[in-house]
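S.K.: Assemble the complex: chain A is given as a structure, and chains B and C must be docked to it using the hints.
So the sequence lines, in the order shown, correspond to chains A, B and C. Mapped onto our numbering, the consecutive letters of the first sequence carry residue numbers 1 to 481. Mapped onto our numbering, the consecutive letters of the second sequence carry residue numbers 1 to 481. Mapped onto our numbering, the consecutive letters of the third sequence carry residue numbers 1 to 481.
Heads up, some of the hints might be wrong.
In this list, chains with the same sequence are indistinguishable; a pair is considered to hold if it fits within one copy or across any two.
[To be verified] Below, a list of computed lysine-lysine pairs in the DSSO-like style, where the Cα atoms sit at most 30 Å apart:
1. Lys263 / Lys457
2. Lys329 / Lys457
3. Lys163 / Lys408
4. Lys329 / Lys258
5. Lys457 / Lys163
No lab work stands behind these hints: they were computed from the structure. None of these values were measured; they are calculated from a predicted model.
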Amino acid sequence: MTVAPHTSGGRRPRLLQEASLLEAPELLLRSVRGLSSSRTLTWLACVPLALFGLGVFNLSAHAAELPELTAAFLANNLWVLIGAILVIFMNAGFAMVEAGLCRSKNAVNILAKNLIVFGVAVTAYWLVGYSLMYGNSIAGGWLFFNGLFFDPTVTADMVKEAKLVPSLDFLFQAAFAGTSATIVSGMVAERIKFTPFVLFSAIKCGIIYPIGAAWIWNSAGWLKQLGFIDFAGTTAVHQMGAWGGLVGAIILGPRIGKFVGGKPQAIPGHNLSIATLGALLLWVCWYGFNGASELAFNQNVPYICVTTTLSASAGGIAATIVSQLRSGKPDLSMTINGILAGLVSITAVCNDISMPASWIVGAIGGTLAVLSVSWVDSLKIDDPVGAWSVHGTCGLWGTLAVGVFSTKHGLFTGHGFGQIGLQLVGAFAIAAEAIVTGIIVWNLLAVMFDGIRVHEKEEITGLDISEHGMEAYPDFATTSH
Amino acid sequence: MTVAPHTSGGRRPRLLQEASLLEAPELLLRSVRGLSSSRTLTWLACVPLALFGLGVFNLSAHAAELPELTAAFLANNLWVLIGAILVIFMNAGFAMVEAGLCRSKNAVNILAKNLIVFGVAVTAYWLVGYSLMYGNSIAGGWLFFNGLFFDPTVTADMVKEAKLVPSLDFLFQAAFAGTSATIVSGMVAERIKFTPFVLFSAIKCGIIYPIGAAWIWNSAGWLKQLGFIDFAGTTAVHQMGAWGGLVGAIILGPRIGKFVGGKPQAIPGHNLSIATLGALLLWVCWYGFNGASELAFNQNVPYICVTTTLSASAGGIAATIVSQLRSGKPDLSMTINGILAGLVSITAVCNDISMPASWIVGAIGGTLAVLSVSWVDSLKIDDPVGAWSVHGTCGLWGTLAVGVFSTKHGLFTGHGFGQIGLQLVGAFAIAAEAIVTGIIVWNLLAVMFDGIRVHEKEEITGLDISEHGMEAYPDFATTSH
Amino acid sequence: MTVAPHTSGGRRPRLLQEASLLEAPELLLRSVRGLSSSRTLTWLACVPLALFGLGVFNLSAHAAELPELTAAFLANNLWVLIGAILVIFMNAGFAMVEAGLCRSKNAVNILAKNLIVFGVAVTAYWLVGYSLMYGNSIAGGWLFFNGLFFDPTVTADMVKEAKLVPSLDFLFQAAFAGTSATIVSGMVAERIKFTPFVLFSAIKCGIIYPIGAAWIWNSAGWLKQLGFIDFAGTTAVHQMGAWGGLVGAIILGPRIGKFVGGKPQAIPGHNLSIATLGALLLWVCWYGFNGASELAFNQNVPYICVTTTLSASAGGIAATIVSQLRSGKPDLSMTINGILAGLVSITAVCNDISMPASWIVGAIGGTLAVLSVSWVDSLKIDDPVGAWSVHGTCGLWGTLAVGVFSTKHGLFTGHGFGQIGLQLVGAFAIAAEAIVTGIIVWNLLAVMFDGIRVHEKEEITGLDISEHGMEAYPDFATTSH
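So that you can see chain A by itself, here it is in the shape it has in the complex (with noise of 0.2 Å):
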C-alpha cells in the first residue's frame, strides 16, 4: 500500500501490495496476447481492481509537519524534475528520428511502438524496475529488491539533506528506463510484431534493466564497488539497450531488400524532417539525461552541460566531414547520428573531462558512428536507423573515455590503463547481461507468438496495414519506391 503525499516519517506499509500483486505478470501476459473474443472485456475490467485490492484506496495519509524547505532542498528537487520531464521528452525525439529513418510504410507501427514504450516502461518500472534497482541487496552486489512499487513518503531528514524526494527520484529513474527500451525499437524496425516488441519492453524496463543497471548506480552493486564509472549511462542506459537490440535484429534477420546479392543496399528514411526535429528534440533533452543525473543543482551542472554540448558539436561536425570523405557529399543522416553519437560519447564522463577532451570525445564518437555503419553492414546485420552505430559502438568508446580523459581516473593522472580495465570489465558485464537475457527472452517471445516477425507479405506491405489496419498518410499518392 502506499502512503499518500503530505506525509512523513513513519514505516513502511508494503505487504499488502506485495501479496496482491504477485499474479500481475501473468495476468498482463494473457490480456495481452489471447485477445480474441470480446468477452475478455469483462474481465479485464476486473484486473486492475484485482491487483491492487484496497492498496487503491489510501485512508492512511497523515499531515505531518515538515521543517522549512531550504534553498538547496527547493534547487536539486527542481533542477531534477526538470531533468525527468526533458528525458520523458526524449520518447518524442526517438520516434521522429527512427520513424524519420525509416520507411513511411511501417511510420505507424513505428510511432506506435515509442508512444506506448513509455506507459509500459513507467508501469514496469514502478511495479518492480525500480526497488530492482534500488532497492537492498538480496544476493551481494549483484541483487536487490525492496517489496513491489515504492514509499513517496518525505521526511524530515531528507528536507534537511536537501536530497530527492522519492517520487522524483523514481520518475527521473523510470524516464532512463523507458529510454533503454527505446534504443531496442530502432535497432528491430519495420519487421517485428508489435505486440512482441510491447512484451520485451516490459520486460527490459521492469527486470533486464534494473537489475544490470543496479551493478553500476545502486551504491552497493558490484561495479560500483569495484570503481567503475558511468556518469549518466552510457553503458548503464545505451549499450545496455544497444546489446538486447543487436539480439533481437540478428534473431529477426535483415529486412527484404536490405542485402542483394550479399551488397548492403540504402533504405532511405521517408521524412528527414521529423527525424531532424527527433535529433535537435534529443540533443536539448539530454541537459536533463547528463545535467540531472548530478541528482541535484550545482556549479557544476551547466559545466556538465557544456561538455555535453561540445561533444554532441564535435560529434555532427566530424560525422559530417567523414560522411562528405566517403561519399562526396554530406549525409544528413550521419550528422543526425553524429549529434547523437557525440551525446552518447561523452555521457559516462561528461561531468570529469576537460572541455577540449569532450569535444574530441565528441568527434571520434561522430566518427565512429559513420565508419559503424559500415562494419553492421559487413556483417550483414541490419539495424535500419544506425542505433547500433550511436549507442553500441559509441557506447562502448563513452565507456572507454571515462578511462582516457576523466580528470580524477584517466590515463595522464596516475592510474594509467587501470580505470580503462575497470570500464571494460563493466562494458563486458552489461553487454553479457543484455545479450543473455535478450536470448532468452526474445527466443521465448518467438515461441509465445510464431515468431516474432511478420510474414513476408506483410513486411513488403508494409507494417502499417498488416499489424494496425491502417496508414500514416493516407492522403499522400506514394511512389513505387
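M.R.: Using the frame of chain A, we list chains B and C on its own:
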C-alpha cells in the same frame, strides 16, 4: 494604466484604462469582420492608440526596494513560470494532434486556428478575463470583476509570503484559458468558418471560461465554497471546452461523408507522425498543467508528476488493448487519445490520490475514451479528432474520480458518496454555463456570418483553399481519397 | 588549458592553448574544403590532437571549497540554464519554420544547414567568439580579447554575489551566437552551396557577431557606453543576422522563377505543419531568449515573459488581419511571421515597457512584417521565408521602439527624441559591421568555391539531390510544381 516592473507598494491607478477601453469589443468586431476595403487599414492603425490612450506611456514607474528574495519565493515563482511555459507549449501539442488526425486538405485551417487562437486568448484574457476570474465579487460567488487588465506591481508582502508575482499568476492562468479554446477547435474541425471560430475563441477565453472557472478557483466562488474540488482543471478547463465545442459540433452538423446511410465512416487523419509528436508534447507539458497548479514548488510537486505519469501510461495501455479487442488491431490514434484521456482523467485529483488509484483512474479513462467514440458516433455527432471523448467524457469521469479516490474526501474516507454528489453539482454547473453560452454565441455568430459552416463545395475542396487560399503540402501529390 | 569543474580560485593558465591553436583556422579550412581523397582522413584524425595538445588531459584539478550556495545563486543559475536550453531549442524552431516555408526539393539542405550550424557556431564561439565578446578591451570600446577558450573556474566570490558561473554564461551566449547564423540561413535558402554557408556561419558566430555584440553588451563597449539599449538582442542578434543574410541574398540573386517578367511570384512552402510547429516552438523558446536575458531570476522575469507574450499575440493578430485585408484571406505563413515579428520587435525593450505598449509594439511589428514582404519583393530581392521582414525590418522597429516606449528612457520621460537618436546610431553601427563584413566574407567564399550559388541545373533539380545526394521524402510522389 498599468504599472511597470520594479515598482512595489502603492494603490492601483486603474481608472484611465477602464474608461478608455469601453469601446474595445465593438471596435475589434468591426475591424475583424468588415475587412473589405484596404482603406480600413489606415483606421486600424489608429485603433491601438485609441484603445490604450496614454496608458501606453508609463511615466510613473518607481523603483521601490523589495526585501531579499527568499528561497521559497524564488522556487515558487521559478517553477510556476516553467509550468506556464509548458502549458503555453501545449498549443503546439494540440495543433499537431488535431492537424494530424484530420485530412490534409484542412490542415492549414486547423494550424491557423490553433496558432492564432493563443494570441487571441491571451489578449482577451488580459483585457478582461483575468479580472472576471480572480477579481473581487460583484454578485455573490457568481460574478467577479476588478476593472480591465491587471496591476503587475510586486509588493514586499508577496516576497515575504513567497507568493507568485501578479505577472506570473496572470501568465499561468492565461495559458489555461487558451487551452479551453483549443479543445473547442478539435470538435468543430474541418467545416467551420475561420473568422467565427476566432471570435468564439475570444469570447470563450475572455468571458465564458473565466466566469465559470471563477466559481471553482476564485476563493469566493460558489462551487469552491460548496466544497467542489478540481485541482488542475478537469472541469474548469477540459469540460468547459468540451461542452462549448459539443454545442458547436451539433449546430454545425457532421462533415460530408461522415455518416453514409446512417452509418459512421472512418475518416483517417493525414499525418500520424505529427499527431504522435503532439501527444508526447502534451504529455510532457501536462507536468506544467498539473504540477504547477500547486502554485508553488514543494515536496508535493514531484508526487503530482508521478500520478500524472501513471495515469497517462495506464490510459495509453488501456486504450490500446481495448482498441485491439474491438477491432483486432491496436489503433495508434486510440493510443494517442488514451494517453490524453489518462491525463485529463487525473487532472482534478492528481495531488490527492494514491499511486495505484491514479493508474486505475487512467486505465478507466483510456477505456472510456475508446468506448465514447462509438457513443458519439451513435448519436450522429461528428467529433473529428475524438476531442469530446478525451475532454468531455473523461472530463466527467475525472471530476467524479475525485469523489471516489481522493485520500481526503473520497468514498472510503468517511465522506461516503457526499463528495461524488458535490462533484456532480460542479460538473453540471459548468456544463450548463458552457452549453447555454455556447448556444447563444454560436447562434449569434451564425447570424452575423450567414452561418458558421462553410459551403458544401468549399468543404469538399477543403478549407485550406477556400478559407486561406493555400495548401499545407503543395509539393505532394494526393490520393483521390 | 582549461580547468576542470569543482575547482575554484587561482589564476587563468591560458598560455598553452593560445600557442597551440594559432593554426586552427587554416587547418579547419583545409580540412573542410579539399576533401577529395580519403587519405586526408588519416590526417584529419590527427587534427584534434594537434589542436589541443596536452590541454586535453587536465591534471591540475583542485577541489577547492565553495561557500554554501545561496538561494539567489541557485535560482539565478537554474533559470539562466533553463533559458540556455530554451534558446538552444530555438534551432529546432528555426529549422522547422525555414524548411516548412521552402520547397520539398531543398528540405534536406535546409535541415542539414540548420542542424550543423549550431555545432559549428558553438565550436567557433567557444574557440574565440566568447573571448572577443566578453574579453578585456584591446582597442578602446571597439575590440576585446582574452585569449582562446574560457576559464570555467567557479570562485567563492561568484557564489557570494549570486553570479552566473562561467560555463553557464558561455552556454547562454553561445546559444545566442548560433541564432544569428540561423537567421542568415533563411535568407540565402534554396540556392546557396552547403560548404560556403557553413564556413560563413563559423566566421559569423566566431568573429563577426561577437565583435559587434561586444559593442552593445560588453560593459566597456562603445555603444553601451553611449547609452544604446538592447535588452535581449533585437539589434545584437536579429539585425546582425538579417543584414549579413541580406548581403548574401543580394549577392546570390533571386531563385529561378521568383521574378517572372519583373513580377514577384509566390513560391509556396512545402510543409506548413512543421512551419507552424516551428513558430510555436520559437514562441515558447523566446521566454528563454528574453526572460533569461535578465541574467538572473527575480520578480522582473515573469513581467518580461508577459510583455513578450502580449507582443507575440499582437503580432500574430495584426499580421493575420493585415494579410486578410490585402489578399482577402488570412495567410497562415503571415500569421507565423507575424508572431515572430512580434517577438523580435519586443526583444530590445521587453523589460522596460508597459503592457499596453508591448501589445502595440507587437501589432506594429506584425503589420510591418507583412508590408515588408512587398517592399523586399519590389526591390527584386528574394527572401524565401520572409526572414528579412521578421529580423531586419522588425529588428529595426524594435530597436527604435526602445526610444519610444521605454518607461525610463522613452519619448515621454524627459529624454524626448534623444534615445531614439541613440538607437539609430546603434542600429546603423551594427548594420554597417554586418554589411561590410558580409560583403568581404561572401565574396571571399565566392572566390574560394567558384561562386557561392549552385548551378542552374542543380537548383532546378533541387539542392537535396545536388548537394546531399538524398531526398527528404523519397516515399511520396511529388507534383510537377
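S.K.: Please go over all the hints and tell whether each is borne out by the structure.
M.R.: Hint by hint, here is what the structure shows:
no.: 1; hint: Lys263 / Lys457; in the structure: within (22 Å within a copy, 32 Å between copies)
no.: 2; hint: Lys329 / Lys457; in the structure: between (35 Å within a copy, 17 Å between copies)
no.: 3; hint: Lys163 / Lys408; in the structure: both (25 Å within a copy, 27 Å between copies)
no.: 4; hint: Lys329 / Lys258; in the structure: both (22 Å within a copy, 27 Å between copies)
no.: 5; hint: Lys457 / Lys163; in the structure: neither (55 Å within a copy, 63 Å between copies)
Hint 5 alone, counting from the list given before, is not met by this structure.
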